[in-house]
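Sequences and hints are given; from them, build the entire structure.
Listed below, chain by chain, are the residues.
There are 4 protein chains.
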Amino acid sequence: MAGSTFGTIFLISTWGESHGKAIGVVIDGCPAGLALDESDIQPFLNRRKPGQSVYSTPRKEDDVVEILSGIFEGRTTGTPISMIVYNKTQQSKDYSEIASYYRPGHADYTFDAKYGFRDYRGGGRSSGRETIARVAAGAVAIKILNQLGITFTTYTRSIGDIEIDPARFDVEEIFNNKLYMPDAEAAIRAGNYVIEMTKEHDSVGGQIESIIKGLPAGIGDTVFEKLDANLAKAAMSIGAVKAVEIGDGIAASRLSGSINNDGFQIKDGSISKRSNHAGGILGGMSDGSDIILRTSFKATPSILKNQLTVNKNNTEIEVSIKGRHDPIIVPRAVVVVESMAAITVLDALLLNMTATMEGIARFYS
Amino acid sequence: MAGSTFGTIFLISTWGESHGKAIGVVIDGCPAGLALDESDIQPFLNRRKPGQSVYSTPRKEDDVVEILSGIFEGRTTGTPISMIVYNKTQQSKDYSEIASYYRPGHADYTFDAKYGFRDYRGGGRSSGRETIARVAAGAVAIKILNQLGITFTTYTRSIGDIEIDPARFDVEEIFNNKLYMPDAEAAIRAGNYVIEMTKEHDSVGGQIESIIKGLPAGIGDTVFEKLDANLAKAAMSIGAVKAVEIGDGIAASRLSGSINNDGFQIKDGSISKRSNHAGGILGGMSDGSDIILRTSFKATPSILKNQLTVNKNNTEIEVSIKGRHDPIIVPRAVVVVESMAAITVLDALLLNMTATMEGIARFYS
Amino acid sequence: MAGSTFGTIFLISTWGESHGKAIGVVIDGCPAGLALDESDIQPFLNRRKPGQSVYSTPRKEDDVVEILSGIFEGRTTGTPISMIVYNKTQQSKDYSEIASYYRPGHADYTFDAKYGFRDYRGGGRSSGRETIARVAAGAVAIKILNQLGITFTTYTRSIGDIEIDPARFDVEEIFNNKLYMPDAEAAIRAGNYVIEMTKEHDSVGGQIESIIKGLPAGIGDTVFEKLDANLAKAAMSIGAVKAVEIGDGIAASRLSGSINNDGFQIKDGSISKRSNHAGGILGGMSDGSDIILRTSFKATPSILKNQLTVNKNNTEIEVSIKGRHDPIIVPRAVVVVESMAAITVLDALLLNMTATMEGIARFYS
Amino acid sequence: MAGSTFGTIFLISTWGESHGKAIGVVIDGCPAGLALDESDIQPFLNRRKPGQSVYSTPRKEDDVVEILSGIFEGRTTGTPISMIVYNKTQQSKDYSEIASYYRPGHADYTFDAKYGFRDYRGGGRSSGRETIARVAAGAVAIKILNQLGITFTTYTRSIGDIEIDPARFDVEEIFNNKLYMPDAEAAIRAGNYVIEMTKEHDSVGGQIESIIKGLPAGIGDTVFEKLDANLAKAAMSIGAVKAVEIGDGIAASRLSGSINNDGFQIKDGSISKRSNHAGGILGGMSDGSDIILRTSFKATPSILKNQLTVNKNNTEIEVSIKGRHDPIIVPRAVVVVESMAAITVLDALLLNMTATMEGIARFYS
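Chains as they are written, first to last, in my numbering: chain A, 1 to 365; chain B, 1001 to 1365; chain C, 2001 to 2365; chain D, 3001 to 3365.
Think of the hints as simulated: they come from the structure by calculation, not from any bench.
Note that the coordinates shown come from a computational prediction; the quantities given were computed from them, not determined experimentally.
We put the beta carbon where it would ideally sit given N, CA and C, even for glycine.
Don't take each hint at face value.
Said to hold, decoys possible - From the derived model, a few chain D residues whose C-beta atoms are all more than 10 Å from chain B:
| no. | residue |
| --- | --- |
| 1 | Ala3022 |
| 2 | Ser3039 |
| 3 | Asn3192 |
| 4 | Ile3292 |
| 5 | Arg3362 |
Claimed, not checked - Estimated spans, in silico, between C-beta atoms of each pair:
| no. | chain 1 | residue 1 | chain 2 | residue 2 | range |
| --- | --- | --- | --- | --- | --- |
| 6 | B | Arg1324 | A | Leu308 | 49 to 59 Å |
| 7 | B | Tyr1095 | C | Gly2149 | 29 to 39 Å |
| 8 | A | Val64 | B | Asn1311 | 10 to 20 Å |
| 9 | C | Asp2062 | D | Arg3189 | 54 to 64 Å |
| 10 | A | Val64 | C | Thr2153 | 55 to 65 Å |
| 11 | C | Ala2251 | D | Arg3189 | 43 to 53 Å |
| 12 | B | Lys1088 | C | Leu2308 | 49 to 59 Å |
| 13 | A | Val64 | D | Glu3066 | 16 to 26 Å |
| 14 | A | Asn146 | C | Val2064 | 47 to 57 Å |
| 15 | B | Arg1324 | A | Gln265 | 48 to 58 Å |
Set out below in structure tokens:
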């Protein structure tokens, strides 16, 4: 059963394990004529790299991307783009202990249940390193979308109970702090909270929000291929994500219709909405407002604190997960969410080109 | 662009508009040998029928399903099952007013933006009647899954701010009240709230929860085809859904790892989890616990209360949406969520058969 | 396993058995804004209707198509188009004999091998009536393609050993004879041959050729989604087809490179080919010349002549297939081949819109 | 538009250009538990390697495969298998001449028509080197199928007009001659013919036949996913293929029904066919007999002989294609056809596991 392939027109196929030789992705369906080289991809990978702050694992992973195909004289040719990142720094450490039991909150048990055995080195295919491939593909999608006037702003919205304050929202601040929060004050409090929980040998979760600007109205479809449905799948397919919201999300279930409905208005000569509870999607299609996607991540399951679990001999044991783990994965996941959102939006945009006879006739005239 | 087709092995293709001749679905890929006739489908359609209580539109829709193909001597043959429900009661009322403006919270504007025009009669393809086709297909999926020991319990978890109380949770109560709430007391309060809001010419949202029992561990995939990712898409593809959660969902983002992780234990001689914050899915695969899926619906956008909007002449106007609309769609959507969840789980279960050489060799021996 | 769904953007899902209630198709992904009603479809269905000549079964099948969805005010809306043809004239005859044994050349045995049982009435899903759905969808594809300047000419190329003579090729003649041969003289000889074989209680095969004009160069893809690969699948998916050729086809395997290669030239100021051995496709993509697709059909397997076979009691028996069968299916299959070719070409044309950044940017500017 | 991805359950995604850094494939959906390393793949790649005889290009390509993912402790894990073959020996020769004009019989013109430019070095993505990826994936499919008792015999059936003589058919001979013909005498004549044509600066085509043994009856589907339809697509997707036949193929169109039909018999206590005109497929499903697939290849388009064509300045010119090209590609393509057939059959076999309730219930019991 194939499970590492995503998309329809802009189709990505990812591969690689945490402690295998390499991680990679093939993009099948990238339009021809896009100027592209590794320098377009690397900055995105750097955003997810560990070891950049006290809030992430001190592991050093020197994730350098190489493009192996699909480019000629600096431009995409329309043929598959294969990208690879070698796993350079994995240590040949002893995994026999971790192989012997099921870590709570991890895929160890489910992997064994499905396949009968697993690559237990560093989580194997279920490792966060798998997202390198998503980010490499996402960087390409974002470059294409940017050229069409569509932009992404993604940031940490909350860590534990500490949320950003909309009144202090400052887009410039996002890259100023290591937690990627658009609120300097919340970032300091959240940072302290993470450090405190780390000291307690515990870990922390949080929320990521993406704002997509510039998408024309009418992108997405009416029934199963709703833009929000595909964004939900894209986001929920990221490890540790437990909830996905569009616009007001859960809060919308508590509002009355008269409050939640966004009235239309004429502004600057064209139609827009007076508010954006809907998060930019109506009936599965973009409505011209900003798309708002919110994703909730559970706390890192690997903690030093003792936990109860069982080993492969069916014996109950107490374990402490050693190793250099992120106390929180949210900051590093910001670029992963952005990448998955971009891949999804690009695919919808490409599919939309075939929606009307008028558009098709115009294209081929 | 095709947007009304869902699934891989158990593939459904739905069609039909609110005020067209009929609504229907083709199931391509239903296994052969299932005893099936209309009496397996009709009870599910009856659960979503309007006009059953004061909480739903007094419109009478006599939705009778007919199976047109794929059955021979009472059993499925492995060929496509085509099901149809004729739209009997649509009135030839005057839609010229509704055609002239964009209803807030509806797909009117996005439909026009995408296609240049729309079938404005009763919402056309974006009508809630579209879900008839999902429920008909879901009934088949549920019958198959039941035979494999997998069951679904779905109910209203909250309406507006009124949530069920876990201490009063009573599965028998679900079908005792017209809101499908498993808490008789909450159902009374919620009912009063809906009536009150209806009097105010307003509408109400809420949450639906599904519990899936009996699914073996290991169903779903590790990366993009995670079981939770596909459940998220399935649920978010239902009109008016704005959020999807698995297990503790958003709350998981606030818990520390030591609390959120579900330790494993040995119970009755086999491995299980001590708690179920994860909602039955780890690393994209079922873990043997109950699958918990929670879906948040916005309030019905059609309200009698005056709203600001614009018409097709680009003039700002005030409108009141007349007609017999549901003040809340949540109770009728319970069976829709259950259907989409079942279709998704069945597809994952079928795909899982090809996961290992051992399973394949055993099958063909 | 889903097997009755075809295409990517223009996706069709067919259903129905020979002696079930109806046959139908859902087109998911038809562009919006196409003027369409039943009168666009019916003439194509009439071309495949039986009972039109001495060369086909005298069975009368009054195949009247009805469109159930996807049209509003005479135009396609972009939502699924459901079409249905009721099976009006099937007799409630006794099928117990045919149910008891395996007809040579039919799918009886393979159906039982796969599913354990079968709908034996008139071939069930493996009946030629299944192609009604393909033709209904094909009629829509052809209408779209015609509006883009792409046309189809399809005819019988040979019957048994009797081939059309290129020197006498006359496109006007195709609809002048009941065998759809573009050579009046060959048509007479072929007609006599069919009548003779019918008298001998035997049946006849033949070849169908499609010429597609007006397709721009560059449609199709380089590797697996080659235009010829998809045409081959489309054609071979029609019952009784045993070979598919593009251009010179098999003959190309006997020619030397210097003869088979089509040199390019400048004609009327633009590039074209000096010959068309390639049948209009180079490297999987259309080259601007006519696309030539040739399909070979075996003789109708149902014959009155005695044949050896086995029954379900594993006993060898001799059988004579009674009933009103076509002595040759080729003439009726002409429109089926044309339909499948059109569906394939349209899908490739729509997919091609996303091939280049320049095209995408132009579309969204 | 994605065009380098093939399959449903056993899904392959290929990438790489002739003169890029590498060629590769990702297999997404390989079952877990298969013992696999490079030594399973390399012998298949060696069968397609050039420079092995006077009948193929003297170019040396040292195509060494490396597995990058999906294997743990010698077995497949169920996660994607990424394989890479570096392009070691491409020379940095001057391609400016070949870039300036359109080679007859090649994809140069269609590539430019589609994308506006092309990677002209050695054919780019349209090079025969692309098939390295197919063969690497095919080797895995064949290993799986062999373990299930399904075997492949593939050979050259004809070169130019020289066909093998069934009376001299000797399976042992296939690997004894460099043309992979199962008839030593035909191989000598064909070899002489190729040498003669090479001296004339011309090239030669031919036919490849695959015999698939051991496939159980009932594999494949009834309508679009017919086993023969998918084999036709698989075969026609190989560069230079112009025709695909199943069983008697084109000859079947000339036979009467009474001759072409294969009667059933009881032999060794079970049902089989008395003959195999059908090539092992009835109604799209395997019938338990050998599957016979015949593929016709055109002559290599690159020839030293002068040809007329046009250059990018729209001027007619005469060209001679220099370089070390195969005078015939058929012998090297034998393993490519076998690979594509195996990938197709494996996918059908895996899909078939979900065909019946009985099979599903048995699997999950």
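Structure-based check of all given hints:
Once the 10 Å rule is applied to beta carbons, Ala3022 (chain D) is consistent with being away from chain B; the minimum gap is 23 Å. At roughly 18 Å from the closest C-beta of chain B, the C-beta of Ser3039 (chain D) stays outside 10 Å, upholding its exclusion from the interface. The Cβ of Asn3192 (chain D) sits about 46 Å from the closest Cβ of chain B, beyond the 10 Å cut-off, so the non-interface label holds. Against chain B, the non-interface label of Ile3292 (chain D) holds: every CB pair exceeds 10 Å, the least being about 22 Å.
In this structure Arg3362 (chain D) is not separated from chain B by more than 10 Å, as the shortest Cβ-Cβ distance comes to only about 8 Å. Taking the beta carbon of each, Arg1324 (chain B) and Leu308 (chain A) are about 55 Å apart, inside 49 to 59 Å as hinted. In this structure the hint that Tyr1095 (chain B) and Gly2149 (chain C) lie 29 to 39 Å apart at CB holds, the actual value being about 37 Å. Take Val64 (chain A) and Asn1311 (chain B): their Cβ atoms lie about 56 Å apart, and the range 10 to 20 Å is violated.
For the pair Asp2062 (chain C) and Arg3189 (chain D), the supplied restraint of 54 to 64 Å holds, since their beta-carbon distance comes to about 59 Å. Restraint check, Val64 (chain A) to Thr2153 (chain C): a C-beta distance of roughly 56 Å satisfies the suggested window 55 to 65 Å. Taken as a hint, the range 43 to 53 Å is violated for the pair Ala2251 (chain C) and Arg3189 (chain D), whose Cβ atoms sit roughly 20 Å apart. In this structure, Lys1088 (chain B) and Leu2308 (chain C) meet the distance hint of 49 to 59 Å, their C-beta atoms being roughly 54 Å apart.
Take Val64 (chain A) and Glu3066 (chain D): their Cβ atoms lie about 19 Å apart, and the range 16 to 26 Å holds. Between Asn146 (chain A) and Val2064 (chain C) the CB atoms are about 53 Å apart, so this pair conforms to the stated range of 47 to 57 Å. Taking 48 to 58 Å as the suggested C-beta distance range, the pair Arg1324 (chain B) and Gln265 (chain A) does not conform, at roughly 28 Å.
Checked against the numbered hints listed earlier, the structure breaks hints 5, 8, 11, 15; every other hint is satisfied.
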